[in-house]
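S.K.: Modelling step: build the complete structure from the supplied sequences, incorporating the hints.
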Amino acid sequence: MTAISDSPFRAANQYIGKSLPRPGAKRLLAGRGRYTDDIVVPRMLYAAFWRSPFAHARLGAISIEAAAAMPGVHRVFIGADFAAICKPWVGTLSHFAGMKSAPQLPLATEKVLWAGHPIAMVIAETRAQAEDALEAIEVELDELEPVVDIDAAQLPDSTLVYEEAGSNVIFRTRIESGSTASAFEDAEVVEAEFRFGRHTAVTMELRSILADYDPSDGRLTVHQSTQTPYQFHDIYARHFGLSEAHVRVVAPDVGGSFGMKLHLYHEDMAVVGASILTGRPVKFTADRMESFLTDIHARDHRVRARLAISADGMFRGIEVDDVTGVGPFSAYPRTSVVEGNQVVRLIGAAYRLKDYRADLTVVAQNKTQMSQYRAVGHPIACAVTERLVDLAGARVGLDPFEIRRRNYVTQDMYPHKTPSGYSFERLSLEECLDKLHEAMDYEALRKDQARLREAGIHRGIGIATYVEITNPSPAFYGVGGAHISAQDGCVLKVTSSGGIQCLISLSELGQGAEAIVGQIVAEGVGINPNLVRVITGDTDMTPVGGATWACRGAGIGGETALQASKKLKGRILEIAGAILQCSPGKLDISDGQILDQGGNIRMSLGELANLAYFRSDLLPKGIQPELTVAHHYAPSGYPFAFTNGIHGSLVEVDVETGFVKILKHWVIEDCGRILNPLLVDEQIRGGVVQGLGAAFFEECLYSKSGQLLNGSMADYLVPMACEMPDIVIGHVETPTQDTELGAKGCGEAGTAAASGAALNAVNDALSPFKASITQLPMTPERILKALRVV
Amino acid sequence: MSEQVSITVKVNGSIVRRMVEPRLTLLDFLRRDLGLTGTHAGCEMGACGACLVSLEGRAVHSCLMLAVQADDLSVETIEGLSENGSIADLQAAFFERNALQCGYCTPGVLITARDCLSTGGVPSRDEIRDALSGNYCRCTGYEAIVDAIEVVARMRAANAEGSK
Amino acid sequence: MKARTFSFRRVTSVEEALAAFASCEGEARFLAGGQSLLPALNLRLDAPDLLIDISRVEGMRGVSVSSSGLRIGALTRHVEVLRSPLVAEHASLLSRAAPFVAHPAIRNLGTIGGSLALADPAAEFPTCILALNASLEIAGANGIRTVRADDYFRALYETDIGPGELLTAILIPPPSHGQRVHFDELARRRGDYAIVGLAVNAVIHDSNVKEIRLAFSSVGPIPTRAKTAEAQLIGTFLGAEGIASAQAALANDLSPDGTDEVSSETRMHLARVLLGRSLNALLREDK
Amino acid sequence: MDITGTYRISARREVVWAALNDPETLARCIPGCKELDAKSPEEMAAKVALKIGPVSATFAGTVRFEDIVAPAGYTLVGQGNGGLAGFAKGRAVVRLTDEGTDTILTYDAKADLAGKIASLGSRLIQSTTRKLADQFFAKFAETLGIASAVSDQSETADAADQEAHST
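Protein chains in written order, with my numbering: chain A, 1 to 790; chain B, 1 to 164; chain C, 1 to 287; chain D, 1 to 167.
Keep in mind the hints are simulated off the structure, nothing from the lab.
Here the structure is a predicted model, which is why all the values come from computation and not from measurement.
Treat each hint with caution, since some may be false.
[To be verified] Sample of chain A residues lacking proximity to chain B, with all beta carbon distances greater than 10 Å (derived):
{"#": "1", "residue": "A68"}
{"#": "2", "residue": "Y162"}
{"#": "3", "residue": "R195"}
{"#": "4", "residue": "S243"}
{"#": "5", "residue": "E244"}
{"#": "6", "residue": "V250"}
{"#": "7", "residue": "Y414"}
{"#": "8", "residue": "E425"}
{"#": "9", "residue": "R446"}
{"#": "10", "residue": "T495"}
{"#": "11", "residue": "G512"}
{"#": "12", "residue": "P529"}
{"#": "13", "residue": "A578"}
{"#": "14", "residue": "A634"}
{"#": "15", "residue": "M713"}
{"#": "16", "residue": "V790"}
[To be verified] With a cut-off of at most 27 Å between alpha-carbon atoms, the simulated BS3-like pairs for lysine-lysine come out as follows:
{"#": "17", "chain 1": "A", "residue 1": "K785", "chain 2": "A", "residue 2": "K661"}
{"#": "18", "chain 1": "D", "residue 1": "K131", "chain 2": "D", "residue 2": "K47"}
{"#": "19", "chain 1": "D", "residue 1": "K89", "chain 2": "D", "residue 2": "K51"}
{"#": "20", "chain 1": "A", "residue 1": "K704", "chain 2": "D", "residue 2": "K131"}
{"#": "21", "chain 1": "D", "residue 1": "K89", "chain 2": "A", "residue 2": "K111"}
{"#": "22", "chain 1": "A", "residue 1": "K447", "chain 2": "A", "residue 2": "K493"}
{"#": "23", "chain 1": "A", "residue 1": "K111", "chain 2": "A", "residue 2": "K704"}
{"#": "24", "chain 1": "D", "residue 1": "K51", "chain 2": "A", "residue 2": "K704"}
{"#": "25", "chain 1": "A", "residue 1": "K111", "chain 2": "A", "residue 2": "K100"}
{"#": "26", "chain 1": "D", "residue 1": "K110", "chain 2": "A", "residue 2": "K704"}
{"#": "27", "chain 1": "C", "residue 1": "K227", "chain 2": "D", "residue 2": "K89"}
{"#": "28", "chain 1": "D", "residue 1": "K89", "chain 2": "A", "residue 2": "K704"}
{"#": "29", "chain 1": "A", "residue 1": "K417", "chain 2": "A", "residue 2": "K447"}
{"#": "30", "chain 1": "D", "residue 1": "K139", "chain 2": "D", "residue 2": "K39"}
{"#": "31", "chain 1": "D", "residue 1": "K89", "chain 2": "D", "residue 2": "K139"}
[Said to hold, decoys possible] Facing chain C, a subset of chain A residues (Cβ under 10 Å, in silico):
{"#": "32", "residue": "D287"}
{"#": "33", "residue": "F696"}
{"#": "34", "residue": "V789"}
Built from N, CA and C at the ideal position, the CB exists for glycine as well.
M.R.: Now the structure itself:
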């Protein structure tokens, strides 16, 4: 099956589904990437920030005179400077009823809300001089009791992070379907309390922004390491009162993003504001400590959950209570509520279940803001569900594969609606399960495990099913009032020699968006991919669109490119038909040649473009030399696409030290139509490793006074080459029927279930000791505690 | 106290003379003063490997070295190694295997890979992973990088065998 | 993250280095490999007035051997320790420990002298020189003196090196007949600060422990010898029983600090496990 | 986590108590103390330069006496601003009891850091606190004539402190 099923020459032009390397990668391999911090413009100044050392304090006098007089210093700004030109932002959306969040300005004005909150900003000739000047700034801070613990934060006498809210609970919701009370009556019940550590994205490229406001014509140009240029285009225009026509946002090469670079940060607004106020280009690149203190953190949940089962292992109901700490305010413009919302909506989603109840409590704290990061909510929902499933299997004596098989939503049930309200077009749960069983050689693994246990070697095998939300429609953010586009736009131009220029609203973050779009356009038009130039990440050039997040690039952006390319092909054939005096329906394009039905080359695309652009006098009457088309596409069928799959994990637990060696990891995934297997596999692998980081290493540790204790790459442990396993990947393809392309997206599937599978694997290894662990990351100490060794 | 110091460094085969502040790191000297932006800042404390360059033929963190310390020494960056063709096989293997995504760590990873293979022979996958122990990559999951380096090691070994 | 300004001076002899330090009116620091100093400077957690670059001082680099043992110049880089055939032959404990020191690129610039002068409680080489009963050669205004490793480590990041003095070499006594060494550590990831590390230097004949020195890292403010455990082991047959009593004896020797990720109790437990494993490894090698 | 210690001092309790309230004595004993000027009977302005391994920073702040019960003890509260390095706070509950003509001094100290040093220094916070507390009280006891450190400095770690907050 191919996207262009109507072309007899499709075999010659089939690029969708091929493992083609990314054209842009050669540049990066030669050290010729161009990231935001690499960009230098004339008269550019550098910014550095004076940040609060305290988590919660009232702001007193700020003394900046000495700093302003330091060598190289151009200006020193404080909160009031920007308050005058910047409209505050509030991270709430109307579809999260009752949600509250403190309005934010670029620099703190009355209170500081977390350790790292910027208070003053120095603009100087060099970053070093700006940092020199920071040392001359004096700030009076009157410490307030910090809100740190999620339970203490909810007590009636707790200090309030945002006084006007009247409570530290900024959002609460309940989902209820059927009657869990009756489901739990007389049932077998398995339950657990889970804790999920705070993580942060740790992109290799640090956050960086270069704002250049030209007072002579009132134009603002921003180069920014972001995944969503149009979103920032909108924000800068609205909050600084600029006409959108005068704002340009460019995302050059982006060195990793993972959801972290689509949130608005105080420093972004301060840099734009500083450029407006000084009329000079201003650059800020976070250093690594600043990144740990200010990049969004993620996860941070305590979930209590229980599952009711019948004696034959059939699931009857689930009850969930998720409390999540999100930092001092809700992130903008997506809100910090979405993570928890997805947790409570995705728990149990793969299973037949009618009776479901879930409570979500979102709590403000004096910590770094918490919001969307790769696989938003999924790893939590997956780990909770899949741990309960294993516990249920153990309770009724069913193998992990068998209990899942018995309870999965089955092929005859689609379209299927979950008790939390999600609609599944079609999943491939059982097929993935079977494939994983085979890929792991499960029976052999179990035999090995038993044999090695005799020798005192404790291996564990764990599996975890995921269902992943992708390709969000406006139902995700738009309905709540967010200026976050659910559609994408694509403009295709034939160039004068017969190549194609593709301008698309997606953004390239290294995942290969430009590569797959190039493949789609090449196949859609019938031209070699080397002749397609894909351009992304510049609001002065590309059409408006949502860009890259929530695995939407392939599904929405890809479909947009496909339809645009069909439109362009139609246009080309229309002109060719007029020139060749035959019906366009009897012509086709293959490898850049226009062919007739017999396969004879009638003319090349280059010749056609040459005629159109340089010798339009030779075109038949009434034919305009128009070889540019635009197309926009927004999902209008299911509100979301859902992918699914299953992970397997094999670990070895050293029960004396609590250290875990990850021996191997498997993923069977179904992302719908696979556009480029090479890229899909590497997206999955990278995602798995971030999930394994969550399982074993990554955690933002805070002191009781709200200080981040491991704010460096030496102390916050990201998975490295030595600790990570080889990862086996298999595929099932269930294309969505909502689009012609059928792709659903694959960027988050690796992260969604890796930690859940690892959690089950470690617990499997610990089972002979009657020990269990329900806290991530599973550090040596936590494993030793579970084993009651310490 | 911040007098400028004159240094002479051989960078990618060319002699470069500059006046620098003593506090300027080799990383900032390469990026800012020489425009060699292929070398990246990641942590400025020697943890991530994004800033690796080759000093007198050995990988070092350019963030943990002052430009003044490189006086009279020879430095090669990703730009120089690309242009002289010495890592062309590694670059090709990384390209084919898609052993990079965002590309930010990639120059540093290539410098490590070059050192790892400099002694000849075919290292085991564990040895390759060990050599990479100081290189963060947040995108790939490392397996593709190990694959690509392994392929080049085998290819070079086969070529060496063939030329005997 | 950019350093504060400072002056820089490169010296080519020990005398010149000492004189530069003495004549500095503010704070001066010696710069060797810089792999710990540079992060502190970049973070502005240290801000000296003068850096004295000693990395090109003649005679402070390289490994030599004589009847009195092995001499390792303080400026010898970790990678050179790792690859030196002389070190492998005469102080193989260091060769075994060197791969655990950070990552390859750090080992290419970092020096053994720098590691010993900083004396980070989690570092590898300090435990090794303690286990090896090495001496340290320190140059100062009054000439050269040597201090035994046992007397060298004073307190957290504090050694016997006085202000204006310079560590110039490490002197390691010749290996005894029947010497057995072992190095191991438990770190979350390859190259991370160890939760606990152990250097063992023993003389064993027919499984009988004649001499043994056990030096732990990360269990206190300085590299720590487990003297009660050593005493337990000396003169005994190295077997399961002896190992167990040595492990029990650690309670008298170590009182590790807790941190946010590893409690004191866990660290103590892991020290016992590491001791057991290391002694068993010696036992296996002896057979 | 608290750091505790006990010293037997060969001096009468009143003498020890007077020394504990004497800024000059305190200035001699506080590690790295550059300045200590009395602002009131209970509060002094202080400047302290600390070098601990790779970290070297000067803290400007105050030293204060709280919960004074003469001559049985008080709480010594110090806090200092280390500029870009961050903020350091420490408090030590000091108790004096008679034993014959000697005085037994016990202390129970803890530290809290904020800013950069908090984010980078957690690996060694406890060792550092122990070192500074030990240096201070050892020097103090020595000034007055130490008889002996009664026991090794030890820690009492409450479980809640050990487990960093992860929620």
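S.K.: Each hint should be assessed against the structure and marked as holding or not.
M.R.: Hint by hint, here is what the structure shows:
1. A68: holds, 20 Å
2. Y162: It holds; Y162 of chain A is separated from chain B by about 33 Å at its closest Cβ, greater than 10 Å.
3. R195: At roughly 24 Å from the nearest Cβ of chain B, R195 of chain A sits farther out than 10 Å, so the non-interface label holds.
4. S243: holds, 33 Å
5. E244: holds, 29 Å
6. V250: For V250 of chain A, whose nearest Cβ neighbour in chain B is about 16 Å away, the distance exceeds 10 Å, so it holds.
7. Y414: holds, 32 Å
8. E425: E425 of chain A clear of chain B: closest Cβ-Cβ about 29 Å, beyond 10 Å.
9. R446: holds, 25 Å
10. T495: The claim holds: T495 of chain A sits with its nearest Cβ about 25 Å from chain B, beyond 10 Å.
11. G512: violated, 8 Å
12. P529: holds, 15 Å
13. A578: holds, 42 Å
14. A634: Given a closest Cβ separation of 27 Å, the condition holds.
15. M713: With a cut-off of 10 Å, M713 of chain A comes too close to chain B, as the shortest Cβ separation is near 4 Å.
16. V790: holds, 28 Å
17. A:K785 / A:K661: Within the cut-off at roughly 18 Å; holds.
18. D:K131 / D:K47: holds, 19 Å
19. D:K89 / D:K51: holds, 16 Å
20. A:K704 / D:K131: holds, 22 Å
21. D:K89 / A:K111: Holds - the C-alpha atoms of K111 of chain A and K89 of chain D are around 21 Å apart, at most 27 Å.
22. A:K447 / A:K493: violated, 60 Å
23. A:K111 / A:K704: holds, 19 Å
24. D:K51 / A:K704: holds, 26 Å
25. A:K111 / A:K100: holds, 17 Å
26. D:K110 / A:K704: Holds, at about 13 Å.
27. C:K227 / D:K89: violated, 36 Å
28. D:K89 / A:K704: Distance ~14 Å between K89 of chain D and K704 of chain A Cα, so the pair holds.
29. A:K417 / A:K447: Status violated; Cα separation ~39 Å.
30. D:K139 / D:K39: holds, 24 Å
31. D:K89 / D:K139: Since the Cα atoms of K89 of chain D and K139 of chain D sit roughly 20 Å apart, the hinted pair holds (cutoff 27 Å).
32. D287: Hint on D287 of chain A: holds, closest Cβ of chain C at ~4 Å, below 10 Å.
33. F696: holds, 9 Å
34. V789: It holds, given that the least Cβ distance between V789 of chain A and chain C is near 6 Å, below 10 Å.
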